[in-house]
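Student: Take a look at the letters that make up each chain.
There are 2 protein chains.
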Amino acid sequence: MRIEQIDFFYVSMPVIEDRADGSQDALVVRVQGDGQTGWGECEASPLVSIAAFVAPMSHSACRPVRDSLMGETVNSVDDIRCLSAKVAANSFDMLQTPHTLSGIEIALCDALARQKKMPVYKMLGHEKKYPKLAYASMLFAPTPEETGRHAREAAEQGYRAVKFGWGGFGVNLEHDRALVEAIRKAIGSDVRLMVDVGTLWSNKTDEAIKRVQMLEEFDVVWLEEPFESMEYPHYAELSRHCKKLKIAAGEGSHSAAMAKNMIDHGKVAFIQIDTGRVGGILPAHDLAEYALKKGVQFVNHTFTTPLALSASLQPMIGIEKFDICEFPVQPTQLAQDINRPLCVTDRNGMFDLPDGDGLAIEVDLAALKKYLVQVKIESHGKVLYESPKI
Amino acid sequence: MRIEQIDFFYVSMPVIEDRADGSQDALVVRVQGDGQTGWGECEASPLVSIAAFVAPMSHSACRPVRDSLMGETVNSVDDIRCLSAKVAANSFDMLQTPHTLSGIEIALCDALARQKKMPVYKMLGHEKKYPKLAYASMLFAPTPEETGRHAREAAEQGYRAVKFGWGGFGVNLEHDRALVEAIRKAIGSDVRLMVDVGTLWSNKTDEAIKRVQMLEEFDVVWLEEPFESMEYPHYAELSRHCKKLKIAAGEGSHSAAMAKNMIDHGKVAFIQIDTGRVGGILPAHDLAEYALKKGVQFVNHTFTTPLALSASLQPMIGIEKFDICEFPVQPTQLAQDINRPLCVTDRNGMFDLPDGDGLAIEVDLAALKKYLVQVKIESHGKVLYESPKI
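As given, the protein sequences belong to chains S and Z, one line each in that order.
Take 1 as the starting number for the first sequence in my numbering and just add one per residue.
Take 1001 as the starting number for the second sequence in my numbering and just add one per residue.
Worth flagging that the hints you see were computed from the coordinates, not collected in a lab.
These numbers come from a predicted model, not from an experiment.
Nothing false has been slipped in among the hints.
Below, a sample of chain Z positions facing chain S; criterion: calculated Cβ distance under 8 Å:
#1 Ala-1020
#2 Met-1094
#3 Glu-1231
#4 Gln-1374
As a list, the in silico DSSO-like pairs of lysine-lysine whose alpha-carbon atoms are at most 27 Å apart:
#5 Lys-1294/Z with Lys-1243/Z
#6 Lys-1376/Z with Lys-382/S
#7 Lys-1369/Z with Lys-376/S
#8 Lys-376/S with Lys-1376/Z
#9 Lys-382/S with Lys-1370/Z
#10 Lys-210/S with Lys-185/S
#11 Lys-1204/Z with Lys-294/S
#12 Lys-294/S with Lys-1267/Z
#13 Lys-1267/Z with Lys-204/S
#14 Lys-210/S with Lys-267/S
#15 Lys-1369/Z with Lys-382/S
Glycine included, every Cβ here is placed at the ideal spot set by N, Cα and C.
Can you make the complete structure from the sequences, with help from the hints?
Tutor: Written out as structure tokens, the structure is:
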């Protein structure tokens, strides 16, 4: 397949609310060539990732991402690896590069697997899929009562694992305890519970350590992202204070090397990878193998669409030991509309990828059109980017 | 000072050549408020960094950089630190954020120090400036003869340290030897020599190890960036193969935590920091203190304008032990035109910052105008950015 066309579709809800819900917009990527089509998605900040695709060259190691890709040929997984290495070398002084590349790489994997008439995970060498225990990923509500109600609803829907994050958690110890207690009461002792603080305690290790005992008391499986992505000394110190509680992190990784450092120096027990940030499916696949070797559990990071969920699960779906997956349980209307099929869990709270070639997710162009943001970028008297016509 | 206005000036040479010369364009930042003005510069890819300043919010941790800054008040160094932390928290899912922030932070430091009527390094707590041995930073020419000629010219101009990088170096061992030999012959034994390979050998540790002996034979002080920024295991392994040769790296650091990891886990002897990428002057200052404590030498990374050179030197100029600085010896006409004074070394190859408040560098608006690139970014039916009128 020769890469003839790469299109970026920036779609958005009409109003973006000021909350930690990553499904309010999306940057969907379509790659086309030789009659083949593949779809992918970049995580977060569509306009900036589009800019990195088209920005004028600054010097030989700071080129627009598109310059390394257009006209190139992809006939194998190794070809995709080579192209990713080429982008990394040609654009390494442009920080946004891995986010832009991620969606394109996913689309290339989708197209290649479709051409080979096989699912992506089989192209990666996995024999079969293992359904995963889906954890309902939700935000803390302002009060313990409301948070408890959301937790109960999730358990009633059949989820056997829930994760709560962000909201007001992390500022007041007593309030935090009340929130976690309300959840545990609502879901009972059999449902796994995780807590995510979204890097809130960066450079405040004490704040994290203070909460370890309370989280262990309510049998929380993991505490997620207590600090920023590269604060390994803080991560390692916190781990030393935990008895049962494990630490999870890694969603901010924008390269396989970065995530490996989180495993080796941050001493996390769960490494969370978003294929829409880490450079796509192949570096995530390498990481899953690395995690397996190191006794660390690989978990997808996904808060957006079924397409992103499928992409982030491909590297782990064939590995039985990685038994739990993040599942966006309250996605926006946009995230429900633009892909088919919808991803749903079974009555036991298990999730399996749909069967089919590539990522086995179709993009609904009519729905994309409904949410498409009109963007135009001009520089040096030329139009560098304009939202594609649908 | 209340931040009333932040302007980004994208300036560029008329033609960007396909070579590793970072002085071909620049993103200059002006911050204004309460009658004060400060100037800064972001390193590389102007259009992408502008996009991160104005991009529509994706969710609560992915906001445009400007939203955390406009209208805020800066009266102390701590105020700047707080604003940087606010940007990091509000925009951490937007990868380009630290590059955009860097130029603004530098401009805030410049404005604050001017308001306090003192140089930035004094505001950081340093008593005095220590002139540095300037190393002439140059690119390998295609042949040993031409490379040797450039080296001789630099030595004749008074430079007592030279660094060669990029070009064709790193592919063929015999050619590499011929290049280094020609330089050493041209400069004699008294001039310090460094070699930079710009991450060429990522995941190819053997290629780096193969060259250690040859580089030691010609008394090369450091080998720079053999691998990508976060490949600590490769860095540490290479260090174990060196007798006299030291390893230098870190210019890609986009946070203080990242650079500290390079020191602690990559085992480099020289940590190279670009204030236009790492988040500005204050994180670089913290790093200089950290490096001092760890017995590692802090070196600026600068390949662009006098303004960027002044910014990158402020954190180290007051520390006598950090005795060598990068000095762009062949800057483009643009980099020579837009700032005053020009930075020059003395006849002994030493460089000292000009005296004056703030960064002690003035921006020539008429020259900026000459090189200004007209950019327009529209989204959601609104103009998000348009190049400022001069």
